[in-house]
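Student: Can you build the whole structure from these sequences, using the hints too?
There are 2 protein chains.
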Amino acid sequence: MLSAFPLTPLRNDQVDEPAFLRIIQRLATSGVDSITVLGSTGCAAYLSPDERDRVATLAVQQASEVPVWVGVSDLRTSRVLQHVESAERAGAAGILLAPMSYQPLTENDVFELFRTISARTSLPITVYDNPGTTHFTFTQELYGRIASLPGIVSIKIPPAPGDRATTRKRIDGLRAILPEHVGIGISGDAAAATALLAGCDTWYSVIAGTLPLAALSITEPAARSDAEATVAASERLEPLWALFARYGGSLRVVAAIAEQLGLAAKDSLPLPIQGLDADARSHVASVLRELNIHDESR
Amino acid sequence: MLSAFPLTPLRNDQVDEPAFLRIIQRLATSGVDSITVLGSTGCAAYLSPDERDRVATLAVQQASEVPVWVGVSDLRTSRVLQHVESAERAGAAGILLAPMSYQPLTENDVFELFRTISARTSLPITVYDNPGTTHFTFTQELYGRIASLPGIVSIKIPPAPGDRATTRKRIDGLRAILPEHVGIGISGDAAAATALLAGCDTWYSVIAGTLPLAALSITEPAARSDAEATVAASERLEPLWALFARYGGSLRVVAAIAEQLGLAAKDSLPLPIQGLDADARSHVASVLRELNIHDESR
Chain A
771 MLSAFPLTPL RNDQVDEPAF LRIIQRLATS GVDSITVLGS TGCAAYLSPD
821 ERDRVATLAV QQASEVPVWV GVSDLRTSRV LQHVESAERA GAAGILLAPM
871 SYQPLTENDV FELFRTISAR TSLPITVYDN PGTTHFTFTQ ELYGRIASLP
921 GIVSIKIPPA PGDRATTRKR IDGLRAILPE HVGIGISGDA AAATALLAGC
971 DTWYSVIAGT LPLAALSITE PAARSDAEAT VAASERLEPL WALFARYGGS
1021 LRVVAAIAEQ LGLAAKDSLP LPIQGLDADA RSHVASVLRE LNIHDESR
Chain B
771 MLSAFPLTPL RNDQVDEPAF LRIIQRLATS GVDSITVLGS TGCAAYLSPD
821 ERDRVATLAV QQASEVPVWV GVSDLRTSRV LQHVESAERA GAAGILLAPM
871 SYQPLTENDV FELFRTISAR TSLPITVYDN PGTTHFTFTQ ELYGRIASLP
921 GIVSIKIPPA PGDRATTRKR IDGLRAILPE HVGIGISGDA AAATALLAGC
971 DTWYSVIAGT LPLAALSITE PAARSDAEAT VAASERLEPL WALFARYGGS
1021 LRVVAAIAEQ LGLAAKDSLP LPIQGLDADA RSHVASVLRE LNIHDESR
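Residue numbers (the numbering used here), protein chains in the order written: chain A, 771 to 1068; chain B, 771 to 1068.
Simulated from the structure, these hints should not be mistaken for laboratory data.
Misleading hints may appear alongside valid ones.
Below, simulated EDC-like cross-link-like pairs (lysine to aspartate or glutamate); rule was C-alpha separation at most 20 Å, straight line [what the hints assert, rightly or not]:
id : chain 1 : residue 1 : chain 2 : residue 2
1  : B       : Lys-1036  : A       : Glu-882
2  : B       : Lys-939   : B       : Glu-950
3  : A       : Lys-1036  : B       : Glu-882
4  : B       : Lys-1036  : A       : Asp-879
5  : A       : Lys-939   : A       : Glu-911
6  : B       : Lys-939   : B       : Glu-911
7  : A       : Lys-1036  : B       : Asp-879
From the derived model, a few chain B residues whose C-beta atoms are all more than 10 Å from chain A [unchecked claim]:
id : residue
8  : Glu-858
9  : Ser-888
10 : Ala-889
11 : Val-923
12 : Pro-928
13 : Gly-953
14 : Leu-983
15 : Ala-993
16 : Pro-1009
17 : Arg-1059
Glycine included, each C-beta is placed from N, C-alpha and C at the ideal position.
Tutor: What follows is the structure in structure tokens.
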């Protein structure tokens, strides 16, 4: 399964609604299994409750038949609940929740956060483990406790170094402590091929939010267990993964790609996050040319 | 100089205004040199722009002659500007700005954030370096670039291990790259005595926000360069510093102290941050008894 994480492009510090609608439209017709708006790539952390409410509503309307999941993470539990209500009103298929932090959180804080949300919504919940932005590290034991709460359907795990065997061991270990109905999804696009072949059921994909066909080129062979083709497809995209590694993560790179392809206006990220500089943009453009990505015809 | 960082106590997920006013009143008559509201201890990261606007206004009104500095940090530059306007309207003496992050920030992002704010306000600005919550690490070079911007008056540095000589070397090194009018203040209460004796001009103090007299017992001898009495006063408070170390930082401990002393209602922190558990609270209470802190008579 492939869930695409689109950007929420800004223009003059406002959500660029026409650009966002075009991005959702493009995803809805691409063949991805679901769209997750307002994740880290969707810059939810930077948007106001009103902006997030509007984005959730627009996404569900525009995506039509394709299920839309909505990120509800926030620093304060009561604001998470507010976002959950927005997601419910919008008609979201489910919600995605990360333990965002400013002050370091304890295991109990995080468990109680998930318990509170789980008790207040009937929407399915994906647990979003993203230590690079939340600065919270889940233990296996906490995964298990949270996964036993009503409504938890999936855990989005961060990538970890290792080959397919190592990754399979990690996934199998995790499966052993999770209830059977709880899925395991991978984030970290460069790790997706390995993780899907090692038993992850979903790829929560940054690149799919902007280049869905590129992501599908990996998930399609993975779905028929064609390991060779899956690995080859990911290796073909290695220049993209190299851009993510070189420019401090995926966000600035996918924003530059979206801007380069005309999916978003320049400076589409929320300040203080600046876009890539001119040299980096040239680098991104040359990678897109090298991969023959312009209109995403395959 | 001593700047006191008060809590912003909540009650049923709303700012507990009567409690906040009592805390400010207590600080205003305590002898501290200034009050900084809406810092990390003031839980600014968790409050809405409206709540922060209200807190800034109440604090300035209640503090009367004592200068009130207002924390304006936020994840998005435009929201920082909104908080700056609140601070100006409230009559703040100055603002405190940390580079809060969700996505990791670059040096240029942070410099441009400070440049933007510096260009838009005539209030004096304290640069708040708090890597434990912002996950951003300043270089010396960036300190220097930012300190040269108009309006920057002080840098609040985090504690670093080391005795007085080591700390003096660090402060002297920093002085050498900062414009003469820019002060250096220490945060990290356990490190304050050493840092003040090593040449820091200000203590940005968590404990002063809740127990101002305890903090003044350190700054008063420091102001007359009485090193022995300064060190002795800090050593006397060692059980408090030990609580901070043991319970994952100062915030939950000062909230428990405020609740114990009746300055705030129970569960005064914004969820998901839970207060200390019963055992830890007993521990806090026993330290307060041991230090003979109840009504803060000296």
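Student: Hints the structure violates: just list their numbers, smallest first.
Tutor: Those not satisfied: there are none.
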